[in-house]
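S.K.: Each protein sequence line maps, in turn, to chains L and A. Under the numbering used here, the first residue of the first sequence carries the number 1, and numbering increases by one thereafter. Under the numbering used here, the first residue of the second sequence carries the number 1001, and numbering increases by one thereafter.
These aren't lab readings, by the way, just hints derived from the structure by calculation. A hint or two may mislead.
To be verified - Calculated pairs, BS3-like style, for lysine-lysine (alpha carbon to alpha carbon, straight line, at most 30 Å): (1) A:K1349 to L:K151; (2) A:K1679 to L:K53; (3) A:K1322 to A:K1289; (4) L:K69 to A:K1530; (5) A:K1074 to L:K145.
Computed from a predicted structure; not experimentally measured.
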Amino acid sequence: MTETQGHGNQEGHAPGSKFGMVIDLDKCTGCGACMVACMAENNVPTKPDETNKLDTITWMRVFKLSNGKAFPDAETCYLPRPCMHCGGKHDAGHSPCVSVCPATATDYSYKTGIVSQIYTRCFGCRYCMGACPYHARYFNWWDPKWPADMKNYLSPDVSVRMRGVVEKCSFCFHRYQRAMDLAYYEERELEENEYQTACTQACPAGAITFGDLNNEDHMVYKVTHEESEGDEILRGRTPFRLLEELETNPKVYYLSGRDWVVKAGNASVREEAKAVKDTGGHH
Amino acid sequence: MKLNRRNFLLVSTAGAAGGAVGSMFSPLSWKLMDDSSVWSQNWPWTPVPLDGEVSFEETTCALCPGGCRVKVRKVDSRPVKLEGVDGGPVNDGGICILGLTALQLVYGPARVRTPLKRAGKRGEGKWVEITWDEAISDVSEKLAELKGAGQSKAVGCITNGAKGVTSALFARFMEAYGSPNHYWQATAWDSYEENIQRTLGLNGSAGFDLEKADYILSFGAGLLDGWGSPVRMFQAHSKWRENHDAHVTLVQIDAQLSNTAAKADKWLPINPGTEGAVAMAMAHVIISKNLYDRGYVNWSTTGFRDFFRTVQTEYAPEKVAKIACPVQKPEYVKKWTEELESRAIAFAKAEKPLALAGKGNGDRPVSQAELNAIQSLNALVGSINREEGGMVVIPDADKYPWPPVVLDADAKGYKPALVTTKGRTKYGASNLLSNLPKAINAQHGGLKALLVAGANPLYTLADTEETAAALQKIEYIVSFASQMDDTFTYADIILPDHIYLESTVDVPTPPGFAKPVYGLAKPVIDPVYKTKAMGDSIIEIAKAMGGTIAESFPWGGFGDAMEQAMNEKWNALDSDGVYVNEDFQPEKEGIRFRFFARAGMEDRISLQGSVEKYPLVITPCDTIRLSTGALADTPFMVKTVSDTKLKKRELVVQVNTMTAQQYGFKEGSQAILETPVAKATVLVHCSEEIAPGLVGVPRGLGHIAYDEFVGGKGTNYNTLISPVQDPATGFDVAWGIRAKLT
Ligand code: SF4
Ligand code: SF4
Ligand code: SF4
């Protein structure tokens, strides 16, 4: 496993947080709660037909992997995929998407490690979508609609997007803001449980762990540092990230006790996406 | 900080309290933002959600029997999201995909917003809005007229199960009114109740101490596909995976690689419908190898000798393999048989083994023969009433301490129910809703009026055509639906229910939970539209009818009836929303398990259709992302449905790649799926997750009503099949139907 490098020293920033996730694929049941929790939290709309999985907006998407074997030796595994909040090479903040955006509509925060998306600046060129190896970005081909009174449940914490802009998972950044405001007000540090993403909170299987990868006290740190006491969760498994070889430095780690799953995760996601498509695409 | 709309909103919401609202609407801010942004896209109107003070209110989710404690996040009085409550006795912080999206049921286009009366022809979808007073008097007058004409037995009522105060009020109404025709649709849990009566002589429901079991044999139970209390099951599964001291093994015996099978330690594929026979084969192994719990079998069971004899002569694994093994190649059959044997041995040797039944999400009944066989395994290894990790019987709750129903002469008179039973059931004919459509269609003027309370029979009953014909024969259908569901389209008058967030609802012990727990939902938001709790509606109807019927409903309203019903539990429920009986001890003294010798093969439920004409077998696929009950999916849930189940408006069926090739289909081919009762156009998905010769049909699609998000998508599984009665109970235990693909 690559030693995670504090990005705090980059570009003169004070040492900051680096929020990330560890997803236990052995626990994930593919129930989809994380997907809808995200939609409800982040004012993601839905269309009458969402069966064309190329134009359906799901910041958190649960893929189904298959070991490619014939009945009855087939095995499948679900893989939830938020934005990886890539740190880029040497974790210097050059995420694939950030590097290509001509409008600086997507930005890397050295304070949190979160890759933001600023809708008002995005003019829809979609370069970032091409650059993102994880297909984590979505384009608004249509204006969002909330028929009947559905707009009444929209959250004021997240702005509603319009046609022509790209959107993606923000690690529920507004939750960070709220939690920080409170901590600041009460003059104390942010606690691990105070800032949790909506998917983490919703997952009924407890498959997602979220926290600061730079904070020794946080579970995500423990799990991703071999010398630490993350064994409880690891149980002999090694955390892996998708497409490590691209040096995108994703902040989302996965755990699986199954070799073929680990292998699939390390294979090219494009190949993987193809394999997934061959077995029927999005699940 | 650069000014942009996103940062701007965050600034304005910081610190929560109201003050910022003004600035959000200040045109100046918007102007500034405009200037500082580079725009090329259109920016038409998009909603700007109102900000305000954030608060959380807790209640109990009542969308399924799961009993999860949930909280609603509100911005001022406006609910914006649902979340799980940490420490909830069933769900400890978890929530499911349906529970999360409850606000779409509140605000969505399918919501019924006011009482309605049919204006045009049935099915035309023309309604006029009426007031609540008009609605209550319309229903009470019609029912009084029928009763006056000596037709009280021609009024039927369908509720969502028998448990809970609302259902009890409807049952009470039917009793006071004088009709025996109150029905609900049986599930696997009704089958368990029947089996508990037959094998243990007790009145109660099945509870499983899954969190403590260490070797689980699941006979097709979709433990992670909605079975039992879904969130509890996800959490139990995670606990199994976390257990370091003793590895918990889950063996899934299933016709397909369901989500549960995919998460299991071992998937043993079988031909659908052979679950009972496979359980008997495992019993054969356990008995032959002398691995059964002699203490339990000798002291706490009866009928072992006969069982032993049948098992030894009829159910050798090699023999069962002939019907149950899905691939009849000698090497594979051998491997399969060895696997069956080794799993049976490991099960018997485990410390806390447990065998489970209930196909898919458990909303379909299981035959008694199959349950007898599976429960025999629990008896053989002493899992029944075991201190930890076993199966317990949760005794039926006492009758609510309500004053006795007041009956007039008409109501006192004996009238047979429209549905008659061949078998014996605990609830008479009441949970044989699956037989009602046939009974109505067979008789002239079987039912003249029908109250549909929390049920959606047109969708959930097998053989939709038969059900539709039956509904068409009923003059007057009253629906209490909160959503424009399938049955709604046949209704004459709608008295729309609240969503639980607006209402008081009790949630009895969730299916499969190992100790008695009671939950209460209390209103956490004001009713958004002109709706009324079903319990209040029926009380008002009763009162409007006067006489003994009104006398039978002495309460001021539903709340009073609820409080009286909950009795000693009320204080705990009222303050905490939940009541847990921590001291619960199952009844053990003198309880003996009765082995039934005749289980398995000879009673194997056979499907409709001939092999020659219909060479394939349809088997349903359940997933938690598709609701199959009275409540349909929410729009967000539909969004998560795989494109291997639904493509545009077409149902996608799962067919083994070899079978597809054999019939000349490729991935995505269009085909006609035909069964003895119906035909549908489908798309073919070639899959390795299902055995050759089967057609996997997702359940939960094909609603004919609702809105553009939920309705008109795919085909309803139930339209393709027809009921097959369990000879023991009369429940519909069809696990599929024969079919062909052309
Ligand atoms: S909510 Fe949890 S278990 Fe369900 S799909 Fe998402 S990660 Fe998996
Ligand atoms: S996952 Fe894609 S969108 Fe997210 S930071 Fe990486 S490259 Fe950018
Ligand atoms: S499992 Fe049932 S009770 Fe729990 S949140 Fe989901 S619908 Fe509600």
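S.K.: Would you mind marking each hint as holding or not holding in the structure?
M.R.: Structure-based check of all given hints:
1. Our distance criterion of 30 Å between C-alpha atoms is broken by K1349 of chain A and K151 of chain L, whose separation comes to about 57 Å.
2. Restraint check for K1679 of chain A and K53 of chain L: the C-alpha separation of about 28 Å stays at or below 30 Å, so the hint holds.
3. Restraint check for K1322 of chain A and K1289 of chain A: satisfied, since their Cα atoms lie roughly 22 Å apart, inside the 30 Å limit.
4. A threshold of 30 Å between alpha carbons decides the hint, and for K69 of chain L with K1530 of chain A the separation of about 55 Å lies outside it, so the pair is violated.
5. Between the alpha carbons of K1074 of chain A and K145 of chain L the distance comes to roughly 22 Å, so the proposed pair stays at or under 30 Å and holds.
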